[in-house]
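**Student:** For the sequence shown, our numbering assigns the number 1 to the initial residue and increments by one for each residue that follows.
It should be emphasised that the hints constitute simulated quantities derived from the structure, not laboratory data. Treat the numbers as computed from the prediction; the structure is a model and nothing was measured. Virtual Cβ for every residue (Gly too), placed ideally from N, Cα, C. Incorrect hints may have been included.
What the hints assert, rightly or not - Distance windows between CB atoms, simulated: (1) Gly160 x Lys211: 22 to 32 Å; (2) Ser11 x Ile85: 13 to 23 Å; (3) Ile222 x Arg122: 18 to 28 Å; (4) Thr69 x Gly99: 22 to 32 Å; (5) Glu213 x Gly70: 32 to 42 Å; (6) Asp144 x Glu95: 23 to 33 Å; (7) Ala117 x Arg210: 28 to 38 Å; (8) Gln247 x Lys48: 43 to 53 Å; (9) Glu194 x Arg122: 20 to 30 Å; (10) Gly207 x Arg122: 14 to 24 Å; (11) Glu213 x Gly176: 15 to 25 Å; (12) Ile85 x Asn175: 25 to 35 Å; (13) Asn175 x Glu95: 32 to 42 Å; (14) Glu52 x Ser198: 37 to 47 Å.
To be verified - The list that follows gives simulated cross-link-like pairs (lysine to aspartate or glutamate, DMTMM-like), each with its CA atoms no further than 20 Å apart: (15) Lys170 x Asp41; (16) Lys188 x Glu157; (17) Lys82 x Glu52; (18) Lys31 x Glu52; (19) Lys159 x Glu213; (20) Lys165 x Asp144.
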Amino acid sequence: MQIFGVDIGGSGIKGAPVDLDRGDLAEERFKVLTPHPATPDGVADGVKQVVEHYGWTGPVGLTFPGVVTGGSHVRTAANVDKNWIDTDARALFSERLGGLPVTVVNDADAAGVAEIAFGAGRDRSGTVILLTFGTGIGSAVFVDGVLVPNTELGHLELKGQDAEKRASSKAKEDNGLTWEHWAHRVQKYLAHVEMLFSPELFIIGGGVSRKSEKFLHYIEGIEAEIVPAQLQNNAGIVGAAMHAAKQA
């Protein structure tokens, strides 16, 4: 069974048909840049471009980089335009896609669902936390495989700032940090999250999951096991498609 998944990020909008039996992309993903400012209309146009690239006419699952309640209502917009707040995202995307059935879910929650079903969190019990490091830091918390939605742990305070302002991969790039220096910031963030939640496993997702050999060995003093996401930066696309299939 195939469903289309789209992952909306602060820097890019990427999507592809997903083979839900394998938990993997059925075709190579297509990506466009996220517009700046990332307004509702601009992002919706980018999503339309991605979906139309494949001539897709079925259900579409989308992620959004913020809190989404009721499968539609956007409540936060930390890394996109503030006009997203209170937007009916499902209605907007469905209209822009010519009436196709659409579902919308938090981006890190989608990535986490995919990792629990097909990746690094498969068959793991206890508390598992996926953290996506990108433009910001997204989080997905699971207890015995059950998602606690919209946790937004990237906004925990670290040294007087949102943690994502210090430890996201964007913070690494903006501040010209070495992998080692950035890893030490991530270590402090993980220690704070571990103090609050005592997880058995941290899964590190986002684009940096492809480069885990550059930084994971610098992270010390964390009791939980730390592993890179197996689906890497495709986890959001897969999770979005899974969510759409469930709703359908």
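**Student:** Are the hints correct? Go through all of them and say.
**Tutor:** Cross-check of the supplied hints:
1. Gly160 x Lys211: 22 to 32 Å: Given a distance of about 28 Å, which is inside 22 to 32 Å, the answer is holds.
2. Ser11 x Ile85: 13 to 23 Å: holds (20 Å)
3. Ile222 x Arg122: 18 to 28 Å: Holds, at about 21 Å.
4. Thr69 x Gly99: 22 to 32 Å: holds (23 Å)
5. Glu213 x Gly70: 32 to 42 Å: With Cβ atoms ~41 Å apart, the hint holds.
6. Asp144 x Glu95: 23 to 33 Å: violated (38 Å)
7. Ala117 x Arg210: 28 to 38 Å: violated (20 Å)
8. Gln247 x Lys48: 43 to 53 Å: Violated, since Gln247 and Lys48 (Cβ atoms, about 20 Å apart) do not stay within the stated range.
9. Glu194 x Arg122: 20 to 30 Å: This hint holds: roughly 22 Å between Cβ atoms.
10. Gly207 x Arg122: 14 to 24 Å: holds (22 Å)
11. Glu213 x Gly176: 15 to 25 Å: Between Glu213 and Gly176, where Cβ atoms are some 21 Å apart, the hint holds.
12. Ile85 x Asn175: 25 to 35 Å: holds (28 Å)
13. Asn175 x Glu95: 32 to 42 Å: With Cβ atoms ~40 Å apart, the hint holds.
14. Glu52 x Ser198: 37 to 47 Å: holds (46 Å)
15. Lys170 x Asp41: violated (24 Å)
16. Lys188 x Glu157: holds (11 Å)
17. Lys82 x Glu52: violated (27 Å)
18. Lys31 x Glu52: Satisfied, since the Cα-Cα distance of roughly 12 Å is no more than 20 Å.
19. Lys159 x Glu213: violated (27 Å)
20. Lys165 x Asp144: Violated. Lys165 to Asp144 sits at ~30 Å, over the 20 Å cutoff.
Going down the numbered hints, you'll see the structure goes against 6, 7, 8, 15, 17, 19, 20, while the others check out.
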